[in-house]
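J.: Chains as they are written, first to last, in our numbering: chain B, 1 to 308; chain V, 309 to 584; chain F, 585 to 1008.
To be clear, the hints were calculated from the coordinates, so they are not data collected in a lab.
Each hint should be verified, as a subset may be incorrect.
[Unchecked claim] The calculated lysine-lysine pairs, modelled on DSSO-like cross-linking and capped at a C-alpha distance of 30 Å, are:
no. : chain 1 : residue 1 : chain 2 : residue 2
1   : B       : Lys-226   : V       : Lys-414
2   : V       : Lys-414   : B       : Lys-22
3   : B       : Lys-25    : B       : Lys-304
4   : V       : Lys-571   : B       : Lys-22
[To be verified] Among chain B residues calculated to face chain V with C-beta under 7 Å, some are:
no. : residue
5   : Arg-24
6   : Met-124
7   : Met-186
8   : Phe-289
We put the CB at the ideal spot given by N, CA and C, even for glycine.
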Amino acid sequence: MSTVVTGRPRRPWDGFSDWANKHRKWVLAAPAIIFVIALMVVPLLYTVVLSFTDAEGSIQRAFDFVWFENYVSILTDTARFWPAVWRTVIFTAVAVTLEMTIGMAVALLLRRPFMGRGLIRVVMLLPLVATPVAVAMMWLLIFEPTVGFANQLLGWLGLPAQGWISDPSTALGTLMLVDVWQWTPMVILILLAGLVGLPEEQQEAARIDGASNWQRFWHVTLPMLKTTVIAALLLRSIDAMKTFDLLYVTKGTGGGSSHEVETLNIYAYALSFDYNEYGMAAALVLIYFLIIVGVLVVLNMRRKEKVR
Amino acid sequence: MKARSSLESRGFVGLRAVLLIVFGLICLAPIVWMLLASFKTNIDIYDPSSTFSFTPTLQNYSAVFAQADFLQFFFNSLVIGVGSTALSLLIGVPAAFSMQRFGMAKSSGLVLLSRVIPHVTLLVPWYFIFASLQMVGGYSSLIISHMFISVPLIVWVMIGVFEGVPVELEEAARVDGLTHIGAFRRIVIPLVVPGIATSAILSFIFSWNNFVFALVLSGTNTRTLPVAIFNFIGYASIDWGALMAACVSITAPMIVMALLGQKYVVAGMTAGAVKG
Amino acid sequence: MSMRYRRTWMLGATLATGAMVLAGCSGGGTDDTINIAVANHPWTDAVLANVEDFEAESGLNVEVTSYTEDQLSQQLNVRLNANADDIDVMMVRPLQEIRTFDRNGWLADLTEHATTDEEWDWSDFQEGPQESVTLEDRVLGVPLATEREVLYYRTDLLEAAGLEVPQTLEELEAAAQTIQNQNPDVYGFVSRGARAAAVTQFSSFLYSYGADWVAEDGTSGIGTPEAREAYTFYGDMLRNYGPPGVTNMSWPEAMGIFTQGRAAFYTEADSLYTNATDPANSTVSDVVGFAQFPEGPAGSRPTNVPSWALAVPGSSNNQDSAWEFIRWATNQENTLVAQENGVIGARASAWETEMPDIPADLAEAQRSSAEVGVGYSHPVVLNVSRARDIVGDPIVTSIEGGDVDAALDAADGAFNEFLAEENE
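Generate the whole structure from the sequences, applying the supplied hints.
T.: Now the structure itself:
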């Protein structure tokens, strides 16, 4: 192997090779960084410019700069914008809370090996890898008021039929449950990976001290698992705030007839591709992006606290 | 050896079994329901008494596959999935290596920010850019857009993987006369093949499942399966049976992949989260 | 050795993926292929079934892509915005899209082709549809389908209840109630309830109550007492006699309810009638009847609109071939083919031809509707999507049994603001 370099004559590309090795830090990283700059930073700058204009109809048409007018009209819009913010928050908060709670419970149950654990771990991958559009269609049929299985089940239990996704008052809640179904396994996987890495000693010590199961979980396990828990929370919160496929496929543009499931993502899509109000849409997506970054920063600070 | 703790008492074991069976059923039941519906005629779907007892039919599947286009959509999804995964590995793996070894926090932060940005933010500028490059409607714009999901994913997964590869190995290779990049390619890469497999499987799954990019950017001949299925729903009075057959057909490859590559999928889903 | 091999391999892999990407780059078709974007509409099924004839005749290759209505409109916006050259012919809704697409400079001018081709004969097209695709004397599209809202009903249920076909909206309500009470599994009435989709079908109710979207002075017309009554009536009908979840329904869902035998009356565009009469899709195919839209306080004022047209994007590189296709698709012969399948075209000559396959009661309803009909089914403005959402909102409130007056006040204000902004 070592003979490759020592004895051979210099080849034409050796000069390049030397240069590449010398600057390998950037040679290796640059393609990915340039890719991200081209696809994210440039479009973001473009969006910022667009957000100060009244561009609409066609992006090639002449437009005027209206500066902060778009931002003002969005932030004062109590008919579509603020309800959409509220729905985004409530959808994320409820869905993620349920996912974290159920996820923690199941992860604790799965912590130690037992017969059939492998099977459960396979089964719970299914919701995770199934195509979200197909999942949305599947639940649409299950929650169909007249032929769906959900109402059939309620019928067997002697309960009245519900409108589920089709009823404006229950649509968002139902879709939260679908999100919980789909993503709780991911929380379980992450927490389980964290639990496996925990040292046993403190557990033993606490057990000898006579701590109850709950006390041991609350005072020993949870603090040690904090970074993992927050990481799972972070990943899920960001993705839940960005939920699109499920909401768009089940309720369409505008999030249903009363905008009952219109989150910021769905509203931004309608502004862009249904109304073609590009200036307004640009302002909205930037506000939306800032909200997400805000959540990211806050959660990340909580995560770092412990590490330092 | 020593007596099992109170946690493992018989009562606990029983309760755990019940809870986990319920959990497993909840995960499984909707998918089974979808599978059953895909083998039913529409008359059976509309008839509550034939939830579980019905004569299975393949007519939904033949309806789905008789549409020659469906195979085209399948092919599109495959080309875009493979293309975006391969290209993302090509630029993502070296980048992750460099970022890990040189501790490039700002750069990795930038790349990971693309994991966070809502995709709807990018669609309008993208199609403007792709249009001025004459790329709208081709595979290239879709492959690039899907790479936008898989590059950060791969960087995210691989930084964690490279952390586990001791620098000493590269130093030894340097002593043997390899260049830095040579050592990366010949010594480090073979050690992280499982990590690369994890990245590849995950990025293929995400590409296959992606909806919004193809919804906006796909052309006449490059529509992917999720978009094709979404279009299915608007036809005449909804044909639930065929719709479910289409859903099963699109999901089945992912489920098979997850079963065969279970270890990798799990590793990918949990990557980065545990170490912080 | 092994190192060189590896390098070659990596280079090969890079080239291969690169080549694959480049191969995908060419979005536009070649000169002898024309790409057509269409909506899922009975016209598409009927005429494009014979597209091989055109391909054989012209030597051109036709690639058809079909979308749902919403998707088509969004796709067109994206593609045309991007100056994409992968659409050569597209189906557009004249009243909804021609004006705004033209303002954006997206449409090829077809005047030259249309007015000089005597054999194809532009003058055979009726005046209303012609006007809908003509701006400032420029022909920007060719109308291919017209639609009227008619009443679909179940002859068997009516007979069992001993009722006549309702002539007025009052009678419709009474009949829906009677039939719903007699048949526990049947809803008295179904129609579209989804916000934007409902607007086109609610139009006939609005007009028949003597109201209009926009008043003569150019301000909102939905705040008038007549409009309020219309909104209230439509909402009450669907709330009291409609299926659950109706606010999610566009025509595929509503048609599903009707064709599964679960509704007695259904107000819908006539062009969709084959969904109800085709035994393969419909369990009620032999008991469907059709009638003209019932009379309201202002008489029977159904919509009679040029619903679809073919147009050519200005960015297409194949405009001449595109015209060849349009010329074929809208010639006398194909207009008749479409008409045999229930899609009434815009050619005067075709109107006069007897159509044995169309149910007699439908043909009669179509003829009489055309005489009294109103030529638009939503506010005729530039941003129609936005306008439909505004005026559709109170429909939903009304269906849900909410405060219709408050919703109408809000929508009336918003619509006035919208109109003022558009006229700036």
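J.: Could you run down the list of hints and mark each one as holding or not?
T.: Structure-based check of all given hints:
Of the pairs offered as hints, the one joining Lys-226/B and Lys-414/V holds, with about 25 Å between alpha carbons and a cut-off of 30 Å not exceeded. Only pairs whose Cα atoms come within 30 Å are accepted, and Lys-414/V paired with Lys-22/B is accepted, the gap being roughly 21 Å. The hinted pair formed by Lys-25/B and Lys-304/B meets the criterion: a straight-line CA distance of about 27 Å does not exceed 30 Å. Restraint check: the Cα-Cα separation between Lys-571/V and Lys-22/B comes to about 37 Å, which exceeds 30 Å; the hinted pair is violated.
The criterion of a C-beta within 7 Å of any C-beta in chain V is met by Arg-24/B, whose closest approach is roughly 5 Å, and the hint holds. Because the closest C-beta pair between Met-124/B and chain V is about 5 Å apart, less than 7 Å, the hint holds. The beta carbon of Met-186/B comes within 6 Å of a beta carbon in chain V, closer than 7 Å, and the hint placing it at the interface holds. Interface hint status for Phe-289/B: upheld, as the beta-carbon distance to the closest one in chain V is roughly 6 Å, under 7 Å.
Of the numbered hints given earlier, the model fails hint 4 alone.
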